[in-house]
Every structure is written in C-alpha cells, then in structure tokens.
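Asks: Here is how the chains run, residue by residue.
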Amino acid sequence: MEEQELIEKLRKEIIQQLNLEELKPEDIDPDAALFGEGLGLDSIDALEIIVLLEKNYGIKIEDPKEGKKIFSSIRTLAKYIMDHQKAQ
Amino acid sequence: MLITKTAHIVDNQVLVNGNILYHNEEAIDYKDFIKSTFRQLCPAYPKFFKMDNLCKLAFLASEVLLKDEHLTEKYPKEEIGLIIMNASSSIDVDKDHQQTINSRENYFPSPSFFVYTLPNVMLGEICIKNHFFGENAVYISEHFDADTLFRQVNLFFNINRMSACITGWIENNGTNYEAFLMLVEVDLKVGDLKEICNFAVPEIYKLFNRQ
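Residue numbers (the working numbering), protein chains in the order written: chain P, 1 to 88; chain L, 1001 to 1211.
Warning: the hint list may mix true and false statements.
Said to hold, decoys possible - Derived DSS-like pairs (lysine-lysine); straight-line CA-CA distance at most 30 Å:
{"id": "1", "chain 1": "P", "residue 1": "65", "chain 2": "P", "residue 2": "12"}
{"id": "2", "chain 1": "P", "residue 1": "55", "chain 2": "L", "residue 2": "1077"}
{"id": "3", "chain 1": "P", "residue 1": "24", "chain 2": "L", "residue 2": "1206"}
{"id": "4", "chain 1": "P", "residue 1": "79", "chain 2": "P", "residue 2": "12"}
{"id": "5", "chain 1": "L", "residue 1": "1095", "chain 2": "L", "residue 2": "1047"}
{"id": "6", "chain 1": "P", "residue 1": "9", "chain 2": "L", "residue 2": "1077"}
{"id": "7", "chain 1": "P", "residue 1": "68", "chain 2": "L", "residue 2": "1206"}
{"id": "8", "chain 1": "P", "residue 1": "9", "chain 2": "L", "residue 2": "1095"}
{"id": "9", "chain 1": "P", "residue 1": "24", "chain 2": "L", "residue 2": "1095"}
{"id": "10", "chain 1": "P", "residue 1": "69", "chain 2": "L", "residue 2": "1047"}
{"id": "11", "chain 1": "L", "residue 1": "1129", "chain 2": "L", "residue 2": "1077"}
{"id": "12", "chain 1": "P", "residue 1": "9", "chain 2": "L", "residue 2": "1047"}
{"id": "13", "chain 1": "P", "residue 1": "9", "chain 2": "P", "residue 2": "69"}
{"id": "14", "chain 1": "L", "residue 1": "1077", "chain 2": "P", "residue 2": "24"}
{"id": "15", "chain 1": "P", "residue 1": "65", "chain 2": "L", "residue 2": "1035"}
{"id": "16", "chain 1": "L", "residue 1": "1129", "chain 2": "P", "residue 2": "24"}
{"id": "17", "chain 1": "P", "residue 1": "60", "chain 2": "L", "residue 2": "1047"}
{"id": "18", "chain 1": "P", "residue 1": "79", "chain 2": "P", "residue 2": "24"}
{"id": "19", "chain 1": "L", "residue 1": "1031", "chain 2": "P", "residue 2": "9"}
{"id": "20", "chain 1": "L", "residue 1": "1129", "chain 2": "L", "residue 2": "1031"}
{"id": "21", "chain 1": "L", "residue 1": "1031", "chain 2": "P", "residue 2": "55"}
{"id": "22", "chain 1": "L", "residue 1": "1067", "chain 2": "P", "residue 2": "79"}
{"id": "23", "chain 1": "L", "residue 1": "1074", "chain 2": "L", "residue 2": "1095"}
{"id": "24", "chain 1": "P", "residue 1": "12", "chain 2": "P", "residue 2": "24"}
{"id": "25", "chain 1": "L", "residue 1": "1035", "chain 2": "P", "residue 2": "55"}
{"id": "26", "chain 1": "P", "residue 1": "60", "chain 2": "L", "residue 2": "1095"}
{"id": "27", "chain 1": "L", "residue 1": "1047", "chain 2": "P", "residue 2": "68"}
{"id": "28", "chain 1": "P", "residue 1": "12", "chain 2": "L", "residue 2": "1077"}
{"id": "29", "chain 1": "P", "residue 1": "24", "chain 2": "L", "residue 2": "1047"}
{"id": "30", "chain 1": "P", "residue 1": "12", "chain 2": "L", "residue 2": "1095"}
{"id": "31", "chain 1": "P", "residue 1": "9", "chain 2": "L", "residue 2": "1129"}
{"id": "32", "chain 1": "L", "residue 1": "1129", "chain 2": "P", "residue 2": "60"}
{"id": "33", "chain 1": "L", "residue 1": "1047", "chain 2": "P", "residue 2": "65"}
{"id": "34", "chain 1": "P", "residue 1": "12", "chain 2": "L", "residue 2": "1031"}
{"id": "35", "chain 1": "P", "residue 1": "60", "chain 2": "P", "residue 2": "24"}
Said to hold, decoys possible - In silico negatives: residues of chain P with every beta carbon more than 12 Å from chain L:
{"id": "36", "residue": "17"}
{"id": "37", "residue": "22"}
{"id": "38", "residue": "41"}
{"id": "39", "residue": "48"}
Calculated directly from the structure, the hints in this document are not laboratory data. Keep in mind that this is a model prediction, so the values were computed, not measured. We put the beta carbon where it would ideally sit given N, CA and C, even for glycine.
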C-alpha cells in the first residue's frame, strides 16, 4: 500500500475509532499534530490508536516513549506502519 | 429548598419547566434524536461525541437545565452538588465493552468504552463542563424513587452544606431513555421570576409524571 493510500485509510479509521463524528477524512491534515493543538486528541484517544494499530495492523507498541514520536501526525503514523510492514 | 427549574428529555422531546423546547418527530432512534438535539440546542462541545449514550443524555439534560442559570456566579463551586438515580446503571456501554472482550481470538478492549463503564461518569462530565466541585452520587433503583432522592438531597443540603443541587433520573438501557432533572436551590432571591415549587416528594412525583 502506498503512503497516500494508507493516510486515507488511517484518516477514516481514526474518525471511526475515536468518534470524531464532526470531521470528514479530508478535514484531517496529515501533517497536523494529532495531540495538543492539532486534532486535540487526549490520552484515551492515544490508547484507542494503540488498540487500532494492534487490531488492524498487528503492531504492538511496547515502549511509551516510542508512541510520542509515532503519533506526531497521521503521516508519521503511516510511515511507522509501512516501515513495520517492510521489516516483517 | 425550592425546585427552581426542571428539564425533561423523553419521547423525542425536550421540555423545560413542562414546556416543549424541542421536538423531533423524524428522529429514527435515540442516537439520531440525541445528536439532533445537541446540534439544535447546545454550543459546540466536541467532547460530546466521545461520550457514551448515557453521558450524552445526562449532558444534554444538564445543559438545558442550566442554560442562563449562572450557578457558579450565585454559589461557591464547592456548594453545587449532583444526585442522580437510574435503573440500568451503565449497562448500555457495559454491553459495548463486553463485545470487545468476548472472544479470546479477537480480544481488543476499547479504552473509550471502558472509561464509561460506571454511571458516575455522567456526573463527572457535567461537573467538568460546569466547574462544579460539590459532592455527587448516583443511586440505582428499579423505578424512579422520589422519596430516596428527597432524603439524599436533604442530607446534601444539611450535612454537606450544599447550596444548589442538580438531581433527578437519567436512564438509558439501550432501548428506552428518559432524563428528568430538577434544579434545587436554597438561596433563591426574592423577586426572581421563576416557576418555583417546594422541594417535596409529592411535587417531585408530579413534575416527573408531567401532571
């Protein structure tokens, strides 16, 4: 799967998983911060994304410090998934 | 103590002091109705969409009840409490949570369901939004029990020194829903133009039954 294609998929999955009913996939800037100012997600959302990664992509994040970097934006998340899939 | 305002959400209607504020005949189910009510009556509050159905109902009823009341300007935040009763606790979201852990092969507990698997969370949502710091409690009862509510609210006022209390019934079992909230105040100023009545058991039943 190409990066852009994966970004589109992640946008839809995140809206569904995090109940962001007011947002459309195209409203999420792939380079905007997921936490803090950007989408304004919270700690429960972070847990939901961890579950999403494990459930949909078979990826387990063991190190919480790693999560901060991976969850910077949709694009960093997509890159992490692609790197992980290549490594397998 | 006086009941200074009521809010009722039932049968696709929102009523304030017994008068219909909003009615959506076209809503196909609870979720549809609650979403349309939020969009119609409440200011933007993105956290609403993350709440479970019980919290959404409690939140909307409280927003309607507290509109223009400015409670935190009238009373210290620590003196505004909540006592809510319902029959089904948080069973609706409990079932959702259970579905995420039913299977060993597909065991992915959802954090956003799990955090709502206590009925007290609806009180937290109301307190967070309104900055209430007073005591709060949820009681589970098979039916609406005005005697217990009356007794507990009285304890709040007399022992915990509350000055205002949001109290009533917030029930959602996944099939049926009903929210009925009363604002009970101790410090009503003379001249307030409000449809008030005494906080007493017969009055509570009359208001709940819309008589």
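Asks: Is the Cα-Cα distance between residue 60 of chain P and residue 24 of chain P 30 Å or less?
Replies: Roughly 27 Å between the alpha carbons, so the hint for residue 60 of chain P and residue 24 of chain P holds.
Asks: Does the structure keep residue 65 of chain P and residue 1035 of chain L at a Cα separation of 30 Å or less?
Replies: Cα-Cα ~37 Å, so violated.
Asks: Confirm or reject the statement that residue 22 of chain P sits farther than 12 Å, beta carbon to beta carbon, from all of chain L.
Replies: violated, 6 Å
Asks: Take a quick look at whether residue 12 of chain P and residue 1077 of chain L sit within 30 Å of each other, Cα to Cα.
Replies: Not satisfied, since the Cα-Cα distance of roughly 41 Å exceeds 30 Å.
Asks: Taking the minimum C-beta separation from residue 17 of chain P to chain L, is that value above 12 Å?
Replies: The claim breaks: residue 17 of chain P does not keep its Cβ more than 12 Å from every Cβ of chain L (closest is about 8 Å).
Asks: Would you mind confirming whether the straight-line C-alpha gap from residue 24 of chain P to residue 1206 of chain L stays at or under 30 Å?
Replies: Between residue 24 of chain P and residue 1206 of chain L the Cα gap is close to 45 Å, so the pair fails against 30 Å, i.e. violated.
Asks: Would you mind confirming whether the straight-line C-alpha gap from residue 1031 of chain L to residue 9 of chain P stays at or under 30 Å?
Replies: Distance ~26 Å between residue 1031 of chain L and residue 9 of chain P Cα, so the pair holds.
Asks: Within 30 Å, alpha carbon to alpha carbon, are residue 1031 of chain L and residue 55 of chain P?
Replies: Within the cut-off at roughly 26 Å; holds.
Asks: Given the hint that residue 9 of chain P pairs with residue 1077 of chain L, does the C-alpha gap stay at or below 30 Å?
Replies: violated, 45 Å
Asks: Does the alpha-carbon distance linking residue 1095 of chain L and residue 1047 of chain L stay inside the 30 Å limit?
Replies: holds, 22 Å
Asks: Hey, residue 9 of chain P versus residue 69 of chain P, does the alpha-carbon distance stay inside 30 Å?
Replies: holds, 20 Å
Asks: Against chain L, does residue 48 of chain P hold up as non-interface, every C-beta pair farther apart than 12 Å?
Replies: violated, 6 Å
The structure shown violates the earlier hints numbered 2, 3, 6, 7, 14, 15, 22, 23, 28, 31, 32, 36, 37, 38, 39.
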